[in-house]
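Colleague: Listed here are the chains, written in short residue letters.
There are 2 protein chains.
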Amino acid sequence: MDINLSSVGTVRSTRHEPTDDFWDMEEVYLELTDEFSEESLYGLSDFSHLELIFFMDKVNAKNIVTNARHPRNRLDWPLVGIFAQRGKNRPNQLGLTVCKILKIEGKKIFVSGLDAVDATPILDIKPYAREFGPRGKIVQPEWMSQLMKDYWQKS
Amino acid sequence: MDINLSSVGTVRSTRHEPTDDFWDMEEVYLELTDEFSEESLYGLSDFSHLELIFFMDKVNAKNIVTNARHPRNRLDWPLVGIFAQRGKNRPNQLGLTVCKILKIEGKKIFVSGLDAVDATPILDIKPYAREFGPRGKIVQPEWMSQLMKDYWQKS
Numbered sequence: 001m002d003i004n005l006s007s008v009g010t011v012r013s014t015r016h017e018p019t020d021d022f023w024d025m026e027e028v029y030l031e032l033t034d035e036f037s038e039e040s041l042y043g044l045s046d047f048s049h050l051e052l053i054f055f056m057d058k059v060n061a062k063n064i065v066t067n068a069r070h071p072r073n074r075l076d077w078p079l080v081g082i083f084a085q086r087g088k089n090r091p092n093q094l095g096l097t098v099c100k101i102l103k104i105e106g107k108k109i110f111v112s113g114l115d116a117v118d119a120t121p122i123l124d125i126k127p128y129a130r131e132f133g134p135r136g137k138i139v140q141p142e143w144m145s146q147l148m149k150d151y152w153q154k155s
Numbered sequence: 001m002d003i004n005l006s007s008v009g010t011v012r013s014t015r016h017e018p019t020d021d022f023w024d025m026e027e028v029y030l031e032l033t034d035e036f037s038e039e040s041l042y043g044l045s046d047f048s049h050l051e052l053i054f055f056m057d058k059v060n061a062k063n064i065v066t067n068a069r070h071p072r073n074r075l076d077w078p079l080v081g082i083f084a085q086r087g088k089n090r091p092n093q094l095g096l097t098v099c100k101i102l103k104i105e106g107k108k109i110f111v112s113g114l115d116a117v118d119a120t121p122i123l124d125i126k127p128y129a130r131e132f133g134p135r136g137k138i139v140q141p142e143w144m145s146q147l148m149k150d151y152w153q154k155s
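For the protein sequence lines, the chains are A and B, in the order given.
Residues in the first sequence are numbered consecutively from 1, following my numbering.
Residues in the second sequence are numbered consecutively from 1, following my numbering.
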């Protein structure tokens, strides 16, 4: 089934290249397209966090993996399926991140904690609700914890 | 910017109509399309939860809200922007939910805690990593907590 979407906004970030780590170093805001007014953000400042779905348009289609790969090509980490990792070279090139809302000015949302480069098209913005977090005990493999070690670090 | 995606799988659920509450009553599995093999799920069973991005194809385009509305049309709740609520009649019709992984059998992932109806196209499956959860204190308005009161209940 083919699905046609349009961007609802654009990421503006001090990072221009999709390098792996240290994403908290960047200054970022989200800007809505001309189609939307400030009204579409009414009440968003009552939430501490939002969930952003974005389209990683700089991914080269010929690099997209549909089966399994070693995360970050690290042979000391297991061979895992593309749907068991969050690497960018994935079917549909969708990114998904929970960001902290810093302030909202007109049609701009200033956030921290976003791992998307400048000019990335935004597909949706949802407020983060506690009840939409994971329920029950969270379990993840050791390679994922290792991979995330410096992901959000500032340097 | 126009973005063309393809479904990577389909939701199979005992719920066929998008009613508001009691989603934990349903039995659900996710089935990958023919394009993918079991390999794309290698290692997913080492995670307790996954994040699912899906396309709410039953939304009627003429009901899509681009400005603000009262959630569930409850006039006793505030008028909030479409990007400050999670209602389904939204630009791009994307749904996003963290589900618990129950078991994986071949190309089927059995989950609990999904609020998508049967036959919904799946756009992405990502493993849930603790480091991708919200950082810092979570704040949300009272109307959201009220709205979610029976959302996941079993009856």
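Be aware that one or more of the hints could be misleading.
Which copy is meant is left open, because identical chains are indistinguishable; a pair holds if it fits in one copy or across any two.
Claimed, not checked - In the EDC-like style, the derived pairs of lysine to aspartate or glutamate whose C-alpha atoms are separated by at most 20 Å in a straight line are:
{"#": "1", "residue 1": "LYS88", "residue 2": "GLU131"}
{"#": "2", "residue 1": "LYS58", "residue 2": "GLU105"}
{"#": "3", "residue 1": "LYS137", "residue 2": "ASP24"}
{"#": "4", "residue 1": "LYS103", "residue 2": "GLU51"}
{"#": "5", "residue 1": "LYS108", "residue 2": "GLU51"}
{"#": "6", "residue 1": "LYS107", "residue 2": "ASP150"}
{"#": "7", "residue 1": "LYS58", "residue 2": "GLU142"}
{"#": "8", "residue 1": "LYS154", "residue 2": "GLU131"}
{"#": "9", "residue 1": "LYS154", "residue 2": "ASP76"}
{"#": "10", "residue 1": "LYS100", "residue 2": "GLU35"}
{"#": "11", "residue 1": "LYS108", "residue 2": "GLU38"}
{"#": "12", "residue 1": "LYS108", "residue 2": "GLU27"}
{"#": "13", "residue 1": "LYS154", "residue 2": "ASP34"}
Derived from the structure by calculation, the hints contain no laboratory data.
Colleague: All hints are to be evaluated individually against the structure, with a verdict given for each.
Modeller: Going through the hints against the structure:
1. LYS88 x GLU131: between (27 Å within a copy, 17 Å between copies)
2. LYS58 x GLU105: neither (28 Å within a copy, 34 Å between copies)
3. LYS137 x ASP24: between (27 Å within a copy, 17 Å between copies)
4. LYS103 x GLU51: within (15 Å within a copy, 27 Å between copies)
5. LYS108 x GLU51: For LYS108 and GLU51, only the intra-copy Cα distance (15 Å) is at most 20 Å; the inter-copy one is 26 Å.
6. LYS107 x ASP150: Close neither inside one copy (31 Å) nor across copies (33 Å); limit 20 Å.
7. LYS58 x GLU142: Neither way: LYS58 and GLU142 sit 29 Å apart in one copy and 39 Å across, limit 20 Å.
8. LYS154 x GLU131: Between copies only: 15 Å across chains, 29 Å inside a chain, cut-off 20 Å.
9. LYS154 x ASP76: So LYS154 and ASP76 fail the 20 Å test inside a copy (26 Å) and across (43 Å) alike.
10. LYS100 x GLU35: Classified as neither; 24 Å inside a copy, 36 Å across copies.
11. LYS108 x GLU38: Only inside one copy: LYS108 and GLU38 sit 9 Å apart there, 42 Å across copies, limit 20 Å.
12. LYS108 x GLU27: Classified as within; 13 Å inside a copy, 40 Å across copies.
13. LYS154 x ASP34: neither (33 Å within a copy, 42 Å between copies)
In the structure shown, a violation is registered for the earlier hints numbered 2, 6, 7, 9, 10, 13, in ascending order.
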